[in-house]
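**Q** With these hints in hand, go ahead and build the complete structure from the sequences.
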Amino acid sequence: GQQLNQSPQSMFIQEGEDVSMNCTSSSIFNTWLWYKQDPGEGPVLLIALYKAGELTSNGRLTAQFGITRKDSFLNISASIPSDVGIYFCALSRAGSYQLTFGKGTKLSVIP
Amino acid sequence: DGGITQSPKYLFRKEGQNVTLSCEQNLNHDAMYWYRQDPGQGLRLIYYSQIVNDFQKGDIAEGYSVSREKKESFPLTVTSAQKNPTAFYLCASSPRLAVETQYFGPGTRLLVL
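Protein sequences appear in the order of chains A and B.
Residue 1 is where the first sequence starts when you use our numbering, and the numbers rise one by one after that.
Residue 1 is where the second sequence starts when you use our numbering, and the numbers rise one by one after that.
Worth double-checking, as some hints may not be accurate.
[To be verified] The calculated label-pair distances, taken between Cβ atoms and stated as ranges, are:
#  : chain 1 : residue 1 : chain 2 : residue 2 : range
1  : B       : 73        : A       : 14        : 43 to 49 Å
2  : A       : 38        : B       : 13        : 21 to 27 Å
3  : A       : 41        : B       : 73        : 19 to 25 Å
4  : A       : 13        : B       : 44        : 27 to 33 Å
5  : B       : 13        : A       : 14        : 38 to 44 Å
6  : A       : 45        : B       : 73        : 19 to 25 Å
7  : B       : 13        : A       : 53        : 36 to 42 Å
8  : B       : 113       : A       : 81        : 33 to 39 Å
9  : A       : 26        : B       : 12        : 36 to 42 Å
10 : A       : 13        : B       : 12        : 33 to 39 Å
11 : A       : 108       : B       : 38        : 17 to 23 Å
12 : A       : 52        : B       : 101       : 18 to 24 Å
13 : B       : 77        : A       : 15        : 40 to 46 Å
14 : B       : 83        : A       : 60        : 41 to 47 Å
[Unchecked claim] DSSO-like, lysine-lysine: derived pairs with alpha carbons at most 27 Å apart:
#  : chain 1 : residue 1 : chain 2 : residue 2
15 : B       : 57        : A       : 103
16 : B       : 57        : B       : 71
17 : A       : 103       : B       : 83
18 : B       : 9         : A       : 103
Simulated from the structure, these hints should not be mistaken for laboratory data.
From the three backbone atoms N, C-alpha and C, an ideal C-beta is built for every residue, glycine too.
**A** What follows is the structure, given as structure tokens:
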């Protein structure tokens, strides 16, 4: 089956710093998704990417769908304490009713 | 307001007992999903249903069962055949054929003693 690698596994950053995380896959996919999960809650969709090369922003968050369609990154600028949580990338393939999730990047922000 | 409800938030059961987790949505979504999350792991799909009275196995369906008698409800039963049932269980829903727009419930943490 397809492999989805997300890195880094965890990050500790100072408040105000920028953050970058990425995902790579072994196969080509049609849609990249980025979710955030607060502790003890369900994930919430942050950004959806549908085209290779697409760059999309949502406030301080920016995500890009790689040109090769096998990777994506998520950047968070000027981090704040409420950015703490686990960030997941996820993929969907055309015609499939399933999402494949990465293992997540756990972000900790030091005030 | 619309959303997905999972109850209870925490559930304790003795080993060997079946337990049913509730998931209700009032988003008028056709599709519903159940995921399992373990520490340090991504979400893994257990079962999904695209329409009432129909459901399909996901990647880790063994030891679980579901039913979809109503559009709003998709209960998950963790059976005694599930060898390691302690986990965080998440329910999600989406419009039919729009798997990328899934909305998640708050989750149920199951602890089997």
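**Q** So, against the hints stated earlier in the document, which numbers end up violated here?
**A** Going through the list in order, the structure violates hint 7 alone and respects the others.
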